[in-house]
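Below are the chains, spelled out letter by letter.
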Amino acid sequence: MATNSSQVAERAAGTEAAPQQDRPRQREIALRPPVDVYEDGEGLTLQADMPGVSKDRLDVRVEGDTLVVEGKVQLDMPENAAALYADIRSSIYRRSFQLSSELETDNIQANLKDGVLQLRIPKRPELRPRRIEVVNS
Amino acid sequence: MFIRFSGLQGSSLEDFWRLFEDIDEALGGGASSSGGIRSLPRGSFPAVNVIQTPEKVQVYLFAPGIDPKKLEVSIQQGLLTIAGQRQIELNENGTYYRRERFGGEFSRAITLGEDVDSERVQATYRDGIVQISVHRREPAQPRQIEIH
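Here the protein sequences come in this chain order: A and B.
Following numbering that gives the first Met the number 0, the numbering of the first sequence begins with 0 at its first residue and continues without gaps.
Following numbering that gives the first Met the number 0, the numbering of the second sequence begins with 0 at its first residue and continues without gaps.
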């Protein structure tokens with residue numbers, strides 16, 4: 000039932016995290032949040048894990064045909080802290096996706112709960128797949 | 000190895016993250032890669048950060064979209080154990096292009112040190128981060144060692 004014409008293709012790397020070896024010291028490397036993406040008849044849904052990001056530190060925007068998801072981690076940290084261990088070494092999440100033209104980019108719905116972002120990207124109504132009934136003649 | 004820094008309040012978080020890069024460099028390949036025998040490979044769920052102050056050890060679990068009531072947190076002799084489950088509901092009518100998010104059972108064990116007080120533990124859940132604060136028994140004061 001879903002067409003394969005709709006796609007959220009991921010933007011090529013380069014705008015994202017550089018390899019760790021030659022990362023610039025001064026610039027913070029963004030984390031790449033893991034995502035699930037699925038399509039149904041009405042549109043696409045993207046779910047991204049962005050723990051530590053609150054609504055006011057989330058930025059979802061469309062630049063041309065590119066969907067950009069960005070968020071800043073906020074940790075409650077005491078003074079005089081010493082780091083013992085860290086899996087997460089950046090405070091920024093960023094990932095971008097290229098959208099295709101049948102998507103209604105000005106009608107994206109975003110929902111953020113417990114560090115999980117859900118985006119609903121509808122297809123233009125005239126481009127949603129129509130079910131064609133086959134009748135016996 | 001600790002690198003102490005102060006005056007965090009008012010300064011940006013970037014200073015904090017840069018600290019980890021410094022540790023990375025100092026150890027040549029990452030604080031976590033030289034970590035404990037119970038540490039998990041990078042990318043394991045949930046990701047963990049641990050910091051300490053003279054008063055307490057603070058653990059941050061990056062565990063988005065979980066039910067904190069179903070999280071089991073226990074501490075015994077300085078070893079913090081966390082076990083839980085993350086349910087990812089799949090849309091049956093959807094065609095999936097990407098499935099990168101973790102789903103299923105998870106557990107992690109983190110050594111906090113022997114001076115933590117197992118009776119004084121607090122845990123909160125906000126924005127997908129479980130924050131566990133464990134008090135230390137007495138402030139670990141830096142001791143001056145004289146060289147003769």
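Simulated from the structure, these hints should not be mistaken for laboratory data.
For every residue, glycine included, the Cβ atom is placed at its ideal position computed from N, Cα and C.
Treat the hints loosely; a few may be bogus.
Said to hold, decoys possible - Chain B stretches covered by chain A per the calculated footprint, using a threshold of three residues with CB under 8 Å from any CB of chain A: (1) 56-69; (2) 73-86; (3) 126-136.
Against the structure, the hints come out as follows:
no., hint, verdict
1, 56-69, "holds (count 8)"
2, 73-86, "violated (count 0)"
3, 126-136, "holds (count 4)"
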